[in-house]
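Chains as they are written, first to last, in my numbering: chain F, 15 to 116; chain A, 33 to 165; chain W, 125 to 254.
In case anyone wonders, no lab produced these hints; they're calculated from the structure.
Please note: incorrect hints may appear among the correct ones.
With a straight-line Cα cutoff of 20 Å, these simulated DMTMM-like cross-link-like pairs (lysine to aspartate or glutamate) come out [to be verified]: (1) A/36 with W/247; (2) W/126 with W/193; (3) F/30 with A/114; (4) F/111 with A/114; (5) A/141 with A/124; (6) A/36 with W/241; (7) F/111 with A/151; (8) W/154 with F/110; (9) A/35 with W/193; (10) A/43 with F/25; (11) W/179 with W/190; (12) A/36 with W/245; (13) F/72 with F/47; (14) A/43 with W/254; (15) F/111 with W/245; (16) A/35 with F/110.
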Amino acid sequence: MLHIVNKSPFERNALKSCLAHALAGDSVLLIEDAVIGAVSGSSIVTELQQAINGNAVKIYALSPDLAARGVKAERVLEGIQVVDYAGFVDLTVANEKTQSWL
Amino acid sequence: MAKKFLYLNRKAPYGTVYALESLEVVLIAAAFEQEVSLAFLDDGVYQIAKGQNPKAAGMKNFSPTYNALGDYGITQLYVERESLVERGLTEEDLMPIVYEDENDEYAEKPSVQVISRAEMSQIMAEQDVTLSF
Amino acid sequence: MKYTIMVNEGPYQHQSSDTALQFVRAALAKGHTIFRVFFYHDGVNNGTRLAVPPKDDRMLQKEWSELAEKHGLDLVICIAAAQRRGLMDASEAKRQGLSADNIAAGFRISGLGQLIEGGIESDRTIVFGD
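Input sequences plus hints: build the corresponding full structure.
Below is the structure:
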C-alpha cells in the first residue's frame with residue numbers, strides 16, 4: 015500500500031498516525047508540507063528511521079515540494095528516496111492501493 | 033465483483049465540514065452495492081460521540097444520521113481503541129449504533145466495533161478504494 | 125492504468141489542487157488514463173470561471189479547463205457541495221431562480237454517485253485534500 019501524507023509532523027499527527035499503521039513492505043510518500051519531516055536532524059527522524067529500519071517501510075519525499083520550501087536534496091534524511099511527479103505516478107502503479115492521510 | 037470501499041474519518045465534527053460531507057458520500061455509496069466500511073480514528077472518533085448538541089454553536093446536528101446507516105445496509109463501523117484511550121474516551125462515550133440483521137430474524141446487532149490499532153492496519157490493507165476525509 | 129482523482133480543497137488556499145494538477149499531467153505524460161476528476165468539499169471552487177488571480181500568478185481554474193480540453197478529461201463538480209458554496213451551471217441557476225451561473229469551461233455538475241462510479245471503474249483512486 016502507498017500512504018500519502020501532506021501535513022507537517024510539527025503541526026498535525028497525520029505522519030505519526032500513518033507510521034503507526036503502516037505495515038512492513040508499505041510505502042509512505044511525503045508531499046506538500048509533510049516534506050518538512052524529511053529533513054535530516056529534525057526531531058521526527060527517530061520515528062522515520064524506526065519505520066525504515068525496524069518496520070521495512072519505504073519512505074519517499076516529493077522533490078518539487080522540497081525545492082519549493084528551499085530544502086536541498088542533501089538535507090534529506092538518508093534512507094528517504096526523493097521522487098518527482100513522474101515517480102509519484104510510478105508509486106501509485108507499483109502499489110495496488112493508495113491511502114491519503116488528510 | 034463488488035469492491036471494498038473504506039471511508040477514513042480522522043477529523044472531529046463541526047470544526048470542519050469533512051465529517052458531515054463524508055457522511056453524505058457514505059449515504060450515496062450505499063446504493064452501489066459495494067462493500068462499505070467506515071473507519072474512525074484519531075479525532076474522527078468524535079464523529080460518533082454520544083450527546084452531540086451543536087445548537088448553541090448555531091450548527092445542525094447530523095449525528096442522528098449515523099443511527100440510520102443500518103437501514104442503508106452499512107453495518108461496519110470500525111473505531112480504533114487507541115484513539116479513544118488517547119482522548120480519554122471509552123466505548124461508553126460512543127452512540128450505540130445498531131442494525132437489524134435480516135439474516136437473523138431482524139435481531140438488533142451493534143454496527144460499531146472497537147478494534148485495536150493493529151486490527152485497523154489490517155482493515156486498511158484489505159481495501160480496494162479508500163476515500164479519506 | 126485508469127485513475128479517478130478526488131480534489132477536496134479549493135484553489136490557492138491549499139496546495140492540493142496544484143498537486144492534483146501536476147499528478148494528472150504526469151500520469152497523462154506516462155500514457156495513463158484519467159477516468160474522472162471529482163471535486164468535493166471546497167474543491168468545487170476549482171470550477172468557477174469568475175476567479176481573477178494576479179497576472180504574475182498561475183490561473184488554476186483555467187489550467188484545469190485547458191487540460192480538460194486538451195485531453196478530454198471529465199471534470200465533475202459535486203452538486204451537493206456546489207450548492208452549499210454557490211457554484212452553479214446555467215440549468216441549476218435557473219432551477220434555483222438565481223440570476224447568474226459561474227461554472228468554468230470543461231467542468232460539469234453532477235452527483236456523488238460519479239465519485240463512487242469512478243472508484244469502481246478505475247484501477248486507482250487518489251485523494252488530494254487537507
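Cross-check of the supplied hints:
no.	hint	verdict
1	A/36 with W/247	holds (13 Å)
2	W/126 with W/193	holds (19 Å)
3	F/30 with A/114	holds (13 Å)
4	F/111 with A/114	violated (25 Å)
5	A/141 with A/124	holds (16 Å)
6	A/36 with W/241	holds (13 Å)
7	F/111 with A/151	holds (18 Å)
8	W/154 with F/110	holds (18 Å)
9	A/35 with W/193	violated (31 Å)
10	A/43 with F/25	holds (14 Å)
11	W/179 with W/190	holds (17 Å)
12	A/36 with W/245	holds (13 Å)
13	F/72 with F/47	holds (19 Å)
14	A/43 with W/254	holds (11 Å)
15	F/111 with W/245	holds (14 Å)
16	A/35 with F/110	holds (13 Å)
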